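Protein chains in written order, with the working numbering: chain V, 14 to 228; chain A, 15 to 639.
It should be emphasised that the hints constitute simulated quantities derived from the structure, not laboratory data.
Treat each hint with caution, since some may be false.
Simulated coverage check for chain V against chain A, where a stretch passes if three residues somewhere in it have a Cβ under 8 Å from a Cβ of chain A [to be verified]:
| no. | stretch |
| --- | --- |
| 1 | 40 to 49 |
| 2 | 70 to 80 |
| 3 | 126 to 134 |
| 4 | 142 to 149 |
| 5 | 192 to 205 |
Partner residues aside, some chain V positions facing chain A, computed with beta carbon under 7 Å [as the list claims (entries may be wrong)]:
| no. | residue |
| --- | --- |
| 6 | Thr52 |
| 7 | Glu53 |
| 8 | Gly61 |
| 9 | Gly62 |
| 10 | Val63 |
| 11 | Pro104 |
| 12 | Ser121 |
| 13 | Gly122 |
| 14 | His171 |
The model shown is predicted, which means the values in this text are computed figures rather than measured ones.
Ideal Cβ positions, reconstructed from N, Cα and C, are used throughout, including at glycine.
So the chains spell out like this:
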Amino acid sequence: MNTKTTNILVVGIGGQGVMTATEILAEAAISLGHDVKKTEVAGMAQRGGVVSSHLRFGAKVLSPQISPGEADLIVGFEAAETLRWIHYLRPGGLVLMNTARLVPPVVSGGLYDYPEDPVAEIRAQGIEVYAFDAMAIALELGDVRLGNTVMLGAIADHLPFPADVLLDSILRRFRTRKPEMVDVNASAFASGRAAVVHSEQTPQRHGAGCEAVLT
Amino acid sequence: MAATPAAATQATAASSRALLSGNEAISRAVWESGVAVAAGYPGTPATEMLETLATFPDLYVEWSVNEKVSLEVAIGASMAGSRSFCAMKHVGMNVASDALMTLTLTGANGGLVIAVADDVGLSSSQNEQDSRYWGRFAHLPVFEPSDSQEAYQMAKAAYLLSEEYQVPVLLRLTTRICHVKGMVNIGERVPHEAAGFAKNARRWVMVPGHAKERLPLMFEREQTLRSVSEESPFNFVTEGSDSRIGFVASGPVWMHVRETFPDAPLFKLGFSCPVPLEKIRAFAATVDRLLVVEETEPLVEMELKAAGIACLGKDVLPKIGELAPEILRPAVARLFGETLPEPALKPAKVFPRPPTMCVACPHLGVYYTLAQLKNVTVAGDIGCYTLGAGHPWNALDSTISMGASMGVALGLDKGRGASDRDRKIVAVIGDSTFMHMGMQGLLDITYNRGNVTVLLLDNRTVGMTGGQDNPASGRDIHGLGSPRVDFAKLCEALGVAPERIRKVDPYQLPVLFKALREETKIPGPSVIITDRPCVLIDDYESLKPYTVISDKCTGCGNCVDIGCPAIHVNRREKVVKPSGKEVELQFVDIETAACTGCGLCLQPCAPDAIVAAVPVHTINFVKKL
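Please put together the full structure from these sequences, using the hints given.
Written out as structure tokens, the structure reads:
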């Protein structure tokens, strides 16, 4: 096994399922025998505040925190939130992001402006981005809560392990807790994978993101 | 009811590996250590320790009404010979400290471990404090874990130390331990028989004569523990090839230092009080410079300097917040006169996203109403309703500590200056905070004939920490029924005249407004109890959502002042009124998928533009995580 640690930063707002998604990613990494650490800054997560969840895995992980400039992959559950954390990306890192906008009262109330085009602002810095509306995909499948699984499907082909390992981790959760949700989550996962392939702009090159740490 | 963070913990078989947060790891170790009694009060980042313990069999777990009571419960159980556990956040220890400072004289019988969690970085607290001081103040041993695995091992070792030296042990945690998940090797529970209580007044009755006998024993114990710390396997050195600088680090920062400076010699301080001075002195001799990395106060640094060990510390590193790798790296580079390369990406400018009150939160109506009242000073308290100080209500004038709204309001009344002569004084406090430390304050108001109107926001739960049960919910930590406190009767018993106690529905804005206006006009204490469950708990029932008829919306913005996150402004327009005054119109829509039909926003709507909607999809944001 390679000694490199993989750094994935999952960001969004409280209530979107950021922490659960990271937990599922962690379980997938554990199932492959990695050491894993996961940490959040989510003091008031239930109150619609900013949530960032750090996941690090590899042969041995020390600090749980990803430093700015060190994330291999940023998974953004909300457009402006992805922009907020963009300086955490390492040179050559990859961004997969939901284009859905969740406007807080301070913006709705006119105190601040929402960034005009977060995706363009990120791309302007030469960063490779896959952008898609995960919320719309989830609604099409009948439940906005599926957005979480859509996001996981979207990143599945950009991880240092096979997509099936991640899918297994998701479905294992539902098999024990809500078996009636297994099929619809499998569809959401597949939709997420497809969304990336057809995402709004073809990225500049393929194969960025996490370096393969498995041999 | 809160989620059960322990589901994974419980399902895991003996002697296996599991991904656990620091809180879960400690709970597991507490349970495996045969602890019989665990008590605490919710508080970020400590809450999940008790929540996790409540999912385990064969021990008694309680939400206490405050941290002092929880420690007293743990003391009683220890006196009876049972192993006991107590968990709280840093400010909770301030409340519990009265008991702590005498507990150190009696010592423990059954093993007693107190986990105290510092909110380093202020994710959800009113201040930042360093709980390691309690180890010095109360002359008690302190363990500081660096990750979940170590938190588990230290919690187990703490029970052995506690019983060997008859001493309560402090486990000092930080947010970056409590809420970080890592792999932990876990085992099985080993039952611990309670030895039973042996009467011994000179040991347990701390009158001056007895306390005088115990004081020298406390200092002897501290000396003994210093030599134990010198030999402790929790204090060790990681060799490094670059001895230009060596580090002494404790807690989560030990991991950051190892990661950031892999070649530097590093002293790990796990049994951190009493500090193993001689072991560190020997380490210091092997490096050119010594840097103490500790969150948050320069405690170890001062003790090393006092012992004649030259070191750097807070002259190089901040005294505030977390010492993350991105803080450490440039600080050490500056020491060597090096400059780090500029980061490739700069942080983008993005609006702040402060926490908001939930859609349909019963507090929305309270702060909308308070914002309408003129000439009012509002003393606030600790809970979700502290958010009333923010946009758009700006309707809260102070927050100090749990229950402080009562005393502060009385002081504002008694100390009023000439310019405040006609000011109305209102105190706002939630049900749990009232029971925690507010009841005594209300008694002080009635006893001293204060002119204060108390708004007691009864939402039947501890909302801010995720909806824990309490005596207002009428359920215990397991969700089982227990007596529900009657706030009206309680306030009457505390001396508020029965005709000055009103119970109102906070969704009825005119009723709330009238009650507040009337009660603040009459001198003497009064209590207005708002009676609606928190939207995060099972007692809350969603109603049919509302929508806005765009053609009827005149842009008056009245509904925006409610502050509900489901109301969005879709268009702004500046107009000049006939009076010549320029106003900005705000045309709105309602996020129907998020709306739960509380009906607050349609009450101030001038043109009746808000009507019932047919739901499209249910949404999970904010509500029910």
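- request: Output the numbers, in ascending order, of every earlier hint that fails for this structure.
  value: 4, 5, 14
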